[in-house]
Amino acid sequence: MNFEETLSGKLKADGLLTEIQQQKISESSRNKLFSLNFELRTLLYCGILLATTGFGILVYKNIDTIGHSVVIGLIALLCAGCFVYCFRKRSPYSNLKVESPNAFFDYILLAGCLLFLTLEGYLQFQYNVFGNRFGLATIIPAILFFALAYFFDHKGVLSMAITALCAWIGITVTPLDLLSHNDFSGVHFIYSALAVGIIFMAVSYISNVRDIKKHFSFTYLNFGANMMFIAALSGMFTMGYGLIYFLILAALVYYFIRYARKENSFYFLLIAVIYGYIGFTYQLFYLLDKSGLTIIFTYIGFLYFVVSCVFIIRFLKNHKKFLHSDDHIQ
Amino acid sequence: MIIYNKDWLDNRRVQDVAEKWFRKKLIIPAQLNDIQQRFVCGYKKTNTFIRIGMFLFTLLLANSAFGLVLLFLSGIISEIYGIVLLIFSGITFFVLEQFIKGKKYFHNGIDDMMLYIALSYFIGGIGALTYQVTDSVNFNNVLFDCIIILPVLIFCATRYADSFVSLLSFVCLLIIVFITVNKTGTIGKAVMPFIIMGVSFFVYWFSQKTKKDETKFYWRNCLNVLETASLITLYASVNYFVVREASALLFDLSLQPGEDIPLAIVFYVLTLAIPVAYIINGLKNKDRILLRTGIILLAVSVITYRYYYHFMEAEVAMIIAGAFLILGSWFVINKLKVPWKGIVDKDPNEDASFIEAESLLIAQTFGQQAVKPNDIEFGGGQFGGGGAGSNF
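Residue numbers (our numbering), protein chains in the order written: chain A, 1 to 330; chain B, 1 to 392.
Keep in mind that the hints were calculated from the coordinates and are not lab data. Errors might be hidden in some of the hints.
Claimed, not checked - Computed spacing ranges between beta-carbons, pair by pair:
1. A:G56 / B:F139: 19 to 29 Å
2. A:R210 / B:G124: 53 to 63 Å
3. A:L288 / B:F201: 55 to 65 Å
4. A:I296 / B:Y131: 44 to 54 Å
5. B:I83 / A:E263: 49 to 59 Å
We put the CB at the ideal spot given by N, CA and C, even for glycine.
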């Protein structure tokens, strides 16, 4: 007798389960299925990773004997093969979440995207097709991946698209920095990260409200939130106008705690608290340092950590009260 | 023995099982509600993110609190810091006990971290004291420390049902065995792999046996961790690479070219045989821990062989291994669309198809009797035609 059988027997005696239910429960607990889903998927993924890496090294080592055009042709063929397979097997587009047609679909789409990047890198390395127009080289995969992510409903490809877009923006703003300050300290990076973060938040909001691929909204919001928090923090650490970035950070913390409250999102509550704590602590110690209280500086520092941690632990501990208290406003 | 209220833990288990039944659509919402009303648990579940946050801030809090105390005492205590650490440890344990008993904390991040902090202060304190007394670091000191620490670790692992502390206890036990056997001289060193193997096997057997005992279910996570760890050390103790390198490193066994360690063939065979045995037994007994450990260790074995025999170029080996994995898993995934001896390839999280497969299995044992739960109660038949078509 296993635990479920014993328990269901006891519950039946208490009148909480019916005879048939008890029978079904015992039967199902005795005939437990053993699913190898996770293990097989992991092995498949490792296999793809191993084989593609090995393939890459092999091509790299034998480049003199095979010839570039053959290699490029082969990669292009494989890449096209992946996309054609996905196109043929695809489920029709919908604004809702679309289930993959079979177990391998997602992996093949991912392999196709990775091969596309390899192909592009190869063309650039060998034939310098993009020259110094790196912006063009990053915006092409960004556009392609966004299209594929929506067309085939693939969150992983969406993340790749967002990364490519960020790379494009990073490359595009670099010359501005060079022109205006003649250094790489990155004020434009911070501006553009803040701007892109706001755009991602807007996209996330729209996809939620308009119900266009609602399950993508978390990916956008996650990217946007982290980018903006990091931009605000690095602005505080490196730029002259620490207070302005501190205010931006405070606004972000306020917004995301409100958001967490509204959506019952523990994740955003946690990151808002952690980023906010780092920023606040930095600002406080910065001011303390300026004020010249060096003798009692260590004491105040330790005392601050004790008091602030007690406060934050209490805040987190009471999160349930806090998160649910706003339900009626929603 | 355990600090937590056993009745509450029992009730919580009933609640969890009932929720599982509900997800499998074996009971209706009203019944789930009734069961949850009947079996009350005073411990709250803590969301993982909240737990991480409280974990981190408790670490910061405890260390800065003790840092502050140390700062005030800095002139006085430089000679007795071992004792100060032990006092800190005692205070943390005391507060932890109060929190769990009085405030009903239950693995919410704060109590986890406090336990680890108390133990680290304790271990640090013991280490500092032995160092102060003997003024040297050697095997004897470590052995002495471990012998003192081990009972405390086992006691804490049992009392707070903490899996990480269970792992620490196991490591501590292995260190004690290793140093003791090492002291016996040549014979001890020669049989070291088999003694470690024996200890690992004993721990594995112990956790398997204890896990079957329903009254010990409070420690299930601890036992799972012990099981995994002992399976890994059992393998590592006779892995060819480990034995060879450990002999060279620890016992000054210097091998000339062409020479091999004693009993090399035994270690070569065991390096391959143990993971294979794990996988086969894992599938046979439907034991996920055995199976997963076996798969990972098999990869380790392949790397071990390749380390000593370069029978082909790395990239060729990678392509062959990759192709083998892709084709193999592709083949098995296709085969397991239909359950084979209770083994299946379905995502248990995507409830519908997994439940469907399970109810199919029950249907076979129940004969022709319908097992489809009453659709109306669940608002719309999820078991209708749609899902069944492609998979079966």
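Hints versus structure:
1. A:G56 / B:F139: 19 to 29 Å: violated (47 Å)
2. A:R210 / B:G124: 53 to 63 Å: holds (57 Å)
3. A:L288 / B:F201: 55 to 65 Å: holds (58 Å)
4. A:I296 / B:Y131: 44 to 54 Å: The hinted range 44 to 54 Å is violated for I296 of chain A and Y131 of chain B, with Cβ atoms some 33 Å apart.
5. B:I83 / A:E263: 49 to 59 Å: Given about 50 Å between the Cβ atoms, the range holds.
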